[in-house]
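Using the sequences plus the hints, can you model the full thing?
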Amino acid sequence: EPEVTQTPSHQVTQMGQEVILRCVPISNHLYFYWYRQILGQKVEFLVSFYNNEISEKSEIFDDQFSVERPDGSNFTLKIRSTKLEDSAMYFCASSGPGSETQYFGPGTRLLVL
Amino acid sequence: AQSVSQHNHHVILSEAASLELGCNYSYGGTVNLFWYVQYPGQHLQLLLKYFSGDPLVKGIKGFEAEFIKSKFSFNLRKPSVQWSDTAEYFCAVNAQAAGNKLTFGGGTRVLVKP
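Going down the list, the sequences are from chains C and P. Mapping of the first sequence onto our numbering: position 32 corresponds to residue 32, and the numbering continues sequentially without gaps. Each position in the second sequence, counted from 1, maps to that position plus 1000 in our numbering.
Because the hints were derived from the structure by calculation, they are not lab data. Treat the hints with caution; some may be incorrect.
Going by beta-carbon spacing under 8 angstroms, a handful of chain C positions derived as facing chain P [unchecked claim]: (1) L30; (2) F45; (3) E56; (4) F61; (5) P97; (6) E100.
Capping the alpha-carbon separation at 20 angstroms, the derived lysine to aspartate or glutamate pairs in EDC-like fashion look like this [stated by the list, open to error]: (7) P:K1058 with C:E100; (8) C:K42 with P:E1088; (9) P:K1049 with C:E100; (10) P:K1061 with C:E1; (11) P:K1049 with C:E1.
Glycine residues also receive a C-beta, built at the ideal position from the N, C-alpha and C atoms.
Here it is in structure tokens:
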């Protein structure tokens, strides 16, 4: 069964550094998402992406964040200058054409020191 | 904006006991409703979903959920749990008029004692 994959599984970075989190959505899916979960808190929506542009973003998704689909398979989340409060588990998800069901990757645990 | 609340943060029960996890949402329009499960060390997996039709939906592993529109609820049930049901369970809502984003509840950690 096809799955969403994410790399790396864990990343430790220094405050102020740039990080790129990578996701490979399910191959025939057209909608892509990033969510995050700060330890002990709810899973929160960050951004959705369709047809090579952002379709929706939350208040969390400020100018420090960007997303890209650099090729036909990868979907990336970049944080330009990480802050301590960016430490969280970041989940990628994708959904297919005409489907509201989102399938999630295993997550990347980001720790900002 | 929609919000989702799950009544219990932690539930501990013995094998063969029945399980019911509460989920309420606040949104006045049409919604799609989901339950996801996260087993220890694994990623979020879809248990079941409701889009329309029969408000009692059946999912994988013997789980079911009932959508009660008047109560804005979508409670998850399983008549007889197994040790392997130990996991965290998340209710999520997508407001159809608000794009595709999911709004999650806080999750309920379920521990099934053998």
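Non-conforming hints, listed in increasing numerical order: 1, 4 and 5
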